[in-house]
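Sequences are here, hints too, so could you generate the full structure?
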Amino acid sequence: MPIDHWMMFGTFAEQRHFVYPAVDTYRGAIINGNMAAYAPDGLAAFLLEKTASLLYIVDPLTHAFQHDPDFITDKGGEAKSSIKALAEIYGEPIQGTVGKRPILPDDFADNTVLRGFVRRCLHFQSRRLADLMANSDAMKYLEEDEAPVLEPYALVAPYFYMTETTYEDWLDVGVRAARHAKAEYPDAKLFASVVLSQGVILDERIRTAIVRALAQEELSGYLLWVDNLDEQAAGGAELKGLLAVARDLRSGGTREVINLHGGYFSVLAAGVLGGQAMTGVTHGPEFGEFRSVVPVGGGIPIARYYIPALHARVRYRDALRFLTAKKWLDDTATFHRSVCNCAECLETLHGDTANFVEFGRGTVKDVRRSGGIVRIEYPTTATKLHCLRHYLQRKAREYQFAATASRGLILDDLRRGHEEFKKVVGLEGVSHLSLWEKTLTSPVA
Amino acid sequence: MSRRRKSSVKIVSEADLVRKLAKALSEDGYRVRSEVSNMGQSVDMVATRGRWVTVIEAKMRDWRRALKQCQGHEQVADFVCVAIASMRVADELLRTACARGYGVIHYDGKKGEFGWALRPRLNRLVWVPQRRHWARKMKGVALCR
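Here the protein sequences line up with chains P and A, keeping their order.
So for the first sequence, the working numbering puts the first residue at 93; every next one is plus one.
So for the second sequence, the working numbering puts the first residue at 174; every next one is plus one.
It is worth saying that the hints were derived from the structure and are not from the lab.
Source: prediction; values computed, not measured.
Glycine included, C-beta positions come from ideal geometry on N, C-alpha and C.
Take the hints with a grain of salt, since some may be wrong.
[As the list claims (entries may be wrong)] Only pairs whose alpha carbons sit at most 25 angstroms apart, straight line, appear in this in silico DSS-like list of lysine-lysine: (1) P:K514 with A:K241; (2) P:K457 with A:K283; (3) P:K457 with A:K241; (4) P:K476 with P:K457.
[Unchecked claim] Listed next, with one range per pair, are the computed distances between beta-carbon atoms: (5) P:S534 with A:A263: 38 to 44 angstroms; (6) A:R273 with P:E141: 52 to 58 angstroms; (7) A:A315 with P:G500: 42 to 48 angstroms; (8) P:R489 with A:G285: 23 to 29 angstroms; (9) A:L298 with P:L438: 24 to 30 angstroms.
Here it is as structure tokens:
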């Protein structure tokens, strides 16, 4: 069974990557609601003209209104333009509180208020981009049999982030929102978004309470997002928790589960090894395999090369250290046999491993800091593109491999990465591979 | 450094340490550059003499961080060194540096002079294409005066 490969739409500069390495690599794009509210024309053009038959889901991003307004306001204290546009579409109680105070469960205590909000939220998702596409010039030139599906793949009921201390209040709102959504759109494919803290997935009692409450509602599936869960750094308890909540949400395979931010562990969980614990996994063109619910700064960009055997994206200088230690940069035949033979690596190396430097080139800029001017190296545009294309090539292979290879081959791959690299990166650098194997091969409780 | 170098000004910060050491190395005939970028890191000092390139990470006390930063320079430098201005040189620093072939330069605050706590060995991990690429970029960085 194939694993649905979803990609998160981040910026318009990245839209060309949605047809790379092939036009049919991705099942669909996840589009943030604020972008759909603020730049709908561009997104409609992207879906209709830049991709062949990409499905899409508009993430309504309703959780953005429950956090400290500092996260969604600009320096002047005004709500950011895209968030403001979304709030205007959603109406009350969002519109009146955006940028002023966090929205609270009490704001949705009145069912009439909640139902109105749910109706506007779903109407926005179902029509905003679909209508623009339907009325676009590009549609006039399409034959009837070429006409793409204009509506989103699924509608997502308004949702809020749940922690151990807040889940009881927010779960009630989420469940009622799902019920209203079904009443408003009885024939639509309806998803709930389950956005959880790591504490929640570690607590079986809370996990079960959330899954049971949602299981009562008529839903086709879920978007799942565990706050800042870096699968490479996570402990066994967190990974088991993620796996357990995904399996429970699947309801015996009757409901879809798309992990909004997942890495190779999630891909394996969705495949043969994990017994299809998820139906799809999303990442961004620029990685995005884990993400904080509350946005944090991005830091200084740095060139990173995805090491296929480690299933990890590492800093270029570390990748270089590892690969030279393994003597895998001695000649291109060795490199392509031992490291990567994707189209991007073949083209970039072009028969000479000296060209591996292309994955790490940078330009130095003077940056003013509190201690004075410092020189900081930023990856060049070409370097970023090489790293990104190599990453996307490998991700496409990983989804295919996890879905179609035998359990034995998948486990061999994990063990080989562990053995090959433990002497150069140390046990800490490879332990995620053995932990993934252990977690995914443990008997299901 | 061919001999111990005296410094009359008290060193109170990492920037002082870099400045003083750069001066001492320049007097010994090295061409010294500071804050040279290397694969996303900034090297505190790069000292060249003839065809040999030495990189130095300077720290007042945090030698563990210096050792970590040095790892990233193994692909480009002939000699890799840590400069430290702590009261004494930790045994663990000397052991780890010795195992990796790094040198350790110690600034003795009482005497106001730099000296070798451990001399570096020639680094065999240089990857020539990266070294060439880095050397070309380094030429654009001004020498310390």
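Hint numbers not upheld by this structure, sorted from lowest to highest: 2, 7 and 8
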